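Student: Sequence:
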Amino acid sequence: MKILVTGAAGFIGMHTAKRLLQRGDEVVGVDNLNDYYDVNLKQARLAQLQP
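For the sequence shown, the numbering used here begins at 1 and goes up steadily by one.
These are calculated hints, taken from the structure and not from any lab test. Please note that a few of the clues may not be correct.
[Claimed, not checked] Pairs of lysine to any residue residues, derived as SDA-like cross-links and limited to a Cα-Cα distance of at most 20 Å, are as follows: (1) K2 <-> D31; (2) K2 <-> L46; (3) K2 <-> R23; (4) K2 <-> L20; (5) K2 <-> R19; (6) K18 <-> A44.
[Said to hold, decoys possible] What follows is a list of derived Cβ distance ranges for each label pair: (7) D38 <-> M1: 26 to 34 Å; (8) D35 <-> M1: 32 to 40 Å; (9) N32 <-> I3: 12 to 20 Å; (10) Q43 <-> R19: 27 to 35 Å.
As the structure is a prediction and not an experimental result, all values here were calculated from the model. The beta-carbon is built from N, C-alpha and C at its ideal position, and this holds for glycine as well.
Modelling step: build the complete structure from the supplied sequences, incorporating the hints.
Tutor: Here's what the structure looks like:
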């Protein structure tokens, strides 16, 4: 199943996307990488979702 995860670079979104990928779903992640939260942290979370 293809699933859209908003806030994919945030804590909850990243863990949700990771779990969906583990169970075999296709994930499309969307996030606004603004500087309200540490951009480096968000990029590190997104890197964990890459194959």
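Student: Each hint should be assessed against the structure and marked as holding or not.
Tutor: Going through the hints against the structure:
no. : hint                    : in the structure
1   : K2 <-> D31              : 17 Å, holds
2   : K2 <-> L46              : 18 Å, holds
3   : K2 <-> R23              : 12 Å, holds
4   : K2 <-> L20              : 10 Å, holds
5   : K2 <-> R19              : 13 Å, holds
6   : K18 <-> A44             : 13 Å, holds
7   : D38 <-> M1: 26 to 34 Å  : 32 Å, holds
8   : D35 <-> M1: 32 to 40 Å  : 33 Å, holds
9   : N32 <-> I3: 12 to 20 Å  : 19 Å, holds
10  : Q43 <-> R19: 27 to 35 Å : 20 Å, violated
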